[in-house]
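Trainee: Each chain, written out:
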Amino acid sequence: MKSHLSALAIAATLSVSVFALSGALSGTAQAGATFDGVKQKGYVQCGVNLGLYGFSAPDDKGKWSGLDVDMCRAVAAAMFGDAEKVKYTPLSAQQRLPALQSGEIDLLARNTTRTLTRDTANGLNFAPTNYYDGQGFMVSAKLGLKSAKQLNGATVCVLPGTTTEQNVSDYFRANKMTFKPVVIEKNEELNKAFFAGRCDALTSDASQLAAIRAAEVQNPNDYVILPELISKEPLSPAVRQGDEEWMNLVTWAFYTMVQAEEKGLTSETVDAAMTSPDPDVKRLLGVTAGNGKALGVEENWAYAIIKQVGNYAQSYERNVGSGSKLKMPRGQNALYTEGGLMYAPPMK
Amino acid sequence: MTNPVQALNSARVRGWLYQALFLACALAVAWYLVSNTLTNLATRGVATGFGFLHREAGFEIGESLLPYSASDTYLTALVVGLLNTLAVSAAGVVLATVLGVLIGIGRLSSNWMVNRFATLYVETVRNVPLLLQLVVWYTILNRLPSPREALEVLPGIFLSNRGMKFPVLVEHAGHGWILLALFVGIAAAIAVVRYGRRRRETTGKPFPTLPAAIAALLLPPALAFIVTGAPLAFDVPALAGFNFEGGGSVTPEFTALLIGLSVYTAGFIAEIVRSGILAVPHGQTEAGLALGLSPGKILRLVILPQALRVIVPPLTSQYLNLTKNSSLAVAIGYPDLVSVSNTSANQTGQVVEAVAMMMLVYLIISLAISGFMNWYNRRVALVTR
Chain V
0 MKSHLSALAI AATLSVSVFA LSGALSGTAQ AGATFDGVKQ KGYVQCGVNL
50 GLYGFSAPDD KGKWSGLDVD MCRAVAAAMF GDAEKVKYTP LSAQQRLPAL
100 QSGEIDLLAR NTTRTLTRDT ANGLNFAPTN YYDGQGFMVS AKLGLKSAKQ
150 LNGATVCVLP GTTTEQNVSD YFRANKMTFK PVVIEKNEEL NKAFFAGRCD
200 ALTSDASQLA AIRAAEVQNP NDYVILPELI SKEPLSPAVR QGDEEWMNLV
250 TWAFYTMVQA EEKGLTSETV DAAMTSPDPD VKRLLGVTAG NGKALGVEEN
300 WAYAIIKQVG NYAQSYERNV GSGSKLKMPR GQNALYTEGG LMYAPPMK
Chain H
0 MTNPVQALNS ARVRGWLYQA LFLACALAVA WYLVSNTLTN LATRGVATGF
50 GFLHREAGFE IGESLLPYSA SDTYLTALVV GLLNTLAVSA AGVVLATVLG
100 VLIGIGRLSS NWMVNRFATL YVETVRNVPL LLQLVVWYTI LNRLPSPREA
150 LEVLPGIFLS NRGMKFPVLV EHAGHGWILL ALFVGIAAAI AVVRYGRRRR
200 ETTGKPFPTL PAAIAALLLP PALAFIVTGA PLAFDVPALA GFNFEGGGSV
250 TPEFTALLIG LSVYTAGFIA EIVRSGILAV PHGQTEAGLA LGLSPGKILR
300 LVILPQALRV IVPPLTSQYL NLTKNSSLAV AIGYPDLVSV SNTSANQTGQ
350 VVEAVAMMML VYLIISLAIS GFMNWYNRRV ALVTR
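For the record, the sequence lines run as chains V and H.
As numbered in numbering that gives the first Met the number 0, residues 0 to 347 make up the first sequence, in order.
As numbered in numbering that gives the first Met the number 0, residues 0 to 384 make up the second sequence, in order.
Just chain V, same shape as in the assembly (with noise of 0.2 Å):
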């Protein structure tokens, strides 16, 4: 998740890490008080987006669905056995990382970018990817294009970030192509230039992209998102330093949704499923106790977590794929029996 930065921005990223900083210190005094002082209050209090289609957002009645929501959801079904008991706190991207280090949250699921700095100076931790992405091209289906490769010369809409507008310059010049950039500050009026036909291509995050396409398009087929990601943006849930109970119920909680749809459990087939006699299935069903001790949960935590929320395909294809209005193809986020990213280790 990237923002673009001001000197505003930057006065205001100053002094939130000021209270980063002394909200790291309190993370790191209430060290193993996590996974207990969830336990007790009876449920978990998790950060998310203040409205992302797909990965974040609450529907007319304020239900809140998404990616993100579903990775709080499947840790409140490890740890109560009711993905219901989550209470949501919407962060913006300033406020999201004072929010965990100080205690405000218990988990942040706000596609947040994983990277080496968050790890260690900023006093988190992070689970397992739950959305590998990237900054991608979209075109308009008009030109038939397959490749963003076959882009020579195009006229390209960029929204300036961070880096946005260098791993654009970065990817023309590596390819031997050239471009005409069409940087503009505000969001609404780049997304109306690209539609309009100013640029004939439009770069930001593949997420973004497609969240951009369903808000602002009758039909989503007139645009397409092309294959290739020319940035590394692994969004991944975040916990604060110090509590590794925690931080595993997080983690496997995740790895569940993975290994569910490498067995091909869903939602609709787990019940069948407990009297499977594969030994695998038996352990993560618990059937086969031991999984639900080690994590200080009980045994049936799997087996509630792939019944409410389900398998990570499912998940996938109701918030951000085929199911939902942002038509996102797998890619990176397939599993990797299927030339993807998604991998997870033995549960036993």
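Calculated directly from the structure, the hints in this document are not laboratory data.
This structure is a prediction, so every number in the text was calculated from the model and none was measured.
Where is the CB? At the ideal position from N, CA and C, for every residue including glycine.
Just so you know, not all the hints are guaranteed correct.
In silico BS3-like links for lysine-lysine, alpha-carbon gap of 30 Å or less [said to hold, decoys possible]:
{"hint": "1", "chain 1": "H", "residue 1": "LYS204", "chain 2": "V", "residue 2": "LYS185"}
{"hint": "2", "chain 1": "H", "residue 1": "LYS323", "chain 2": "V", "residue 2": "LYS191"}
{"hint": "3", "chain 1": "V", "residue 1": "LYS179", "chain 2": "H", "residue 2": "LYS323"}
{"hint": "4", "chain 1": "V", "residue 1": "LYS175", "chain 2": "V", "residue 2": "LYS231"}
{"hint": "5", "chain 1": "V", "residue 1": "LYS324", "chain 2": "V", "residue 2": "LYS145"}
Ranges of calculated distance between the beta carbons of each label pair, as one might list FRET restraints [to be verified]:
{"hint": "6", "chain 1": "H", "residue 1": "PRO304", "chain 2": "V", "residue 2": "GLN93", "range": "57 to 63 Å"}
{"hint": "7", "chain 1": "H", "residue 1": "LEU32", "chain 2": "V", "residue 2": "PRO57", "range": "39 to 45 Å"}
{"hint": "8", "chain 1": "H", "residue 1": "ALA86", "chain 2": "V", "residue 2": "GLU187", "range": "26 to 32 Å"}
{"hint": "9", "chain 1": "V", "residue 1": "ALA293", "chain 2": "H", "residue 2": "LEU130", "range": "44 to 50 Å"}
{"hint": "10", "chain 1": "H", "residue 1": "GLY50", "chain 2": "V", "residue 2": "GLY50", "range": "37 to 43 Å"}
{"hint": "11", "chain 1": "V", "residue 1": "THR336", "chain 2": "H", "residue 2": "VAL135", "range": "52 to 58 Å"}
{"hint": "12", "chain 1": "H", "residue 1": "LEU130", "chain 2": "V", "residue 2": "LYS231", "range": "34 to 40 Å"}
Using the hints provided, position chain H relative to the given structure of chain V.
Mentor: For chain H alone, coordinates are given in the frame of chain V:
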């Protein structure tokens, strides 16, 4: 010899004391701001200094008056941005002045239609925020057809949502000579005008200044053209790939910004021109009529020279406003100084340096415009003999 307490009662001493105190306070505040910033940046490990100017910029710029690519330095990128700012400001000042003078005279016209239209224009453009006007112009230009369905307004000139494409002359060695001859022509034309004026002043006989000056201006380049035999070959834009290739182009961002700034500032200039003209007593017009001068000549020879004295000082601040308003370019994607500086600041994290440089550059541009206009003002000011 007065004692110190009595000295405090002296107006002179107290004047010095207060000025010294004020200076000390101002210096203390400045010192505090600078040292505080530097300390805070240092404690947060933020890099300071201008070393980044010589690093590779790594980003492309949409339009440039210089050859520029992503492998050039930040300094070059900022110069490209500065030249873009100067280009749109210079063109804007000229266009706004022409438009403003016409509308200003129109507001005083006895023709009802012209008068009402000028009033409507002034009241509308002055009372709608400039940012909105820029967005409107930009949206209109983006509504033009795509390059494949471009409008060919004149042979070789295409209008599309990618801007205006037009043919340009293919370079040839002879063009340098023609350009040189043009300068000779300009010098000759100036000499002719001076001669004409001197002859009129000494002998009282009129001299056909205009035709003679035009002839003096055009003859040398025409001769050079025939002698060098330079070809008149044009590079005409043609569709290729995504867009037109070849020829020259003006982008929608530049056009929208130029139109927006000129139309907006012209509204203010019109009012300045109107008030300047109204400041000249009506008796001057009557005196001109009594001498048998035509209305056009009265305006040109009697009214405007006197009105200029009133017009020039406020006009200067309009020129300054126009230049500074050009920084709204970031809203519609014209790569001006602010846009390029923002990108540089984003990438390097050296916001303080980037903002300081922007402020300094705008200050220098503004002072230069003021300096020029003050010089011009002294020239047109009433000379008392």
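Trainee: State for each hint whether it applies.
Mentor: Hints versus structure:
no. : hint                            : verdict
1   : LYS204/H x LYS185/V             : violated (64 Å)
2   : LYS323/H x LYS191/V             : holds (26 Å)
3   : LYS179/V x LYS323/H             : holds (26 Å)
4   : LYS175/V x LYS231/V             : holds (21 Å)
5   : LYS324/V x LYS145/V             : holds (21 Å)
6   : PRO304/H x GLN93/V: 57 to 63 Å  : holds (59 Å)
7   : LEU32/H x PRO57/V: 39 to 45 Å   : holds (44 Å)
8   : ALA86/H x GLU187/V: 26 to 32 Å  : holds (27 Å)
9   : ALA293/V x LEU130/H: 44 to 50 Å : violated (60 Å)
10  : GLY50/H x GLY50/V: 37 to 43 Å   : holds (41 Å)
11  : THR336/V x VAL135/H: 52 to 58 Å : holds (54 Å)
12  : LEU130/H x LYS231/V: 34 to 40 Å : holds (36 Å)
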